[in-house]
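S.K.: Sequence:
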Amino acid sequence: MTPTQHSSSVAEIDPVVLYEILRLRVDVFVVEQECPYPELDGRDLEPSARLLWSTDDDARILATLRVLHDGDDRRIGRVATASSARGRGLAADLMRSAVVECDGRLVRLDAQAHLSGWYARFGFVVDGDEFLEDGIPHLPMTLAATR
Numbered sequence: 001m002t003p004t005q006h007s008s009s010v011a012e013i014d015p016v017v018l019y020e021i022l023r024l025r026v027d028v029f030v031v032e033q034e035c036p037y038p039e040l041d042g043r044d045l046e047p048s049a050r051l052l053w054s055t056d057d058d059a060r061i062l063a064t065l066r067v068l069h070d071g072d073d074r075r076i077g078r079v080a081t082a083s084s085a086r087g088r089g090l091a092a093d094l095m096r097s098a099v100v101e102c103d104g105r106l107v108r109l110d111a112q113a114h115l116s117g118w119y120a121r122f123g124f125v126v127d128g129d130e131f132l133e134d135g136i137p138h139l140p141m142t143l144a145a146t147r
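For reference, each letter of the sequence shown is one residue, going 1 to 147 in my numbering.
Since the hints were made in silico from the structure, they are not lab data. Zero decoy hints are in this set.
Computed beta-carbon distance windows for the label pairs:
| hint | residue 1 | residue 2 | range |
| --- | --- | --- | --- |
| 1 | Ala144 | Val16 | 37 to 45 Å |
| 2 | Pro36 | Asp58 | 24 to 32 Å |
| 3 | Asp58 | Ile136 | 26 to 34 Å |
| 4 | Asp57 | Pro15 | 20 to 28 Å |
| 5 | Asp27 | Thr4 | 18 to 26 Å |
| 6 | Asp57 | Val126 | 35 to 43 Å |
| 7 | Thr2 | Val125 | 28 to 36 Å |
| 8 | Glu39 | Glu12 | 19 to 27 Å |
| 9 | Tyr37 | Trp118 | 18 to 26 Å |
| 10 | Gly135 | Gly87 | 23 to 31 Å |
| 11 | Glu39 | Glu130 | 19 to 27 Å |
| 12 | Pro38 | Glu130 | 21 to 29 Å |
Since the structure is predicted, the reported quantities are computational estimates derived from the model, not experimental observations. In this text, a Cβ means the ideal position worked out from N, Cα and C, and glycines have one as well.
Using the sequences plus the hints, can you model the full thing?
M.R.: Pasting the structure below:
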């Protein structure tokens, strides 16, 4: 099985696909990590927001993330992989694509602290103090602009 990558604004995504992307995010962040928080924060609906995701041959959503515009900067977040698809590099492939979509702009993200080393593989560096979000330690990280 060769995963296929996709990138789209919410307005262009088939409703069933969007539902499955959002379901994966809820499964990972709300259910698995036991963090009851408003996953649907409205930012996916911003005209400049992009969702990236990988599917298998049966069109099942395997991994996803989103790219937001924060002024001149970009923000990557909601990086999630289905438990059955972990360890295959799917999120890493999406991260590399997301960085390309950021057009050399400064990129920000809030990494779960235990994943900061994983994000460092893509050039992100810690850019502030650790903080708690939904009871999970996070670190602000940035990837320097290249333009």
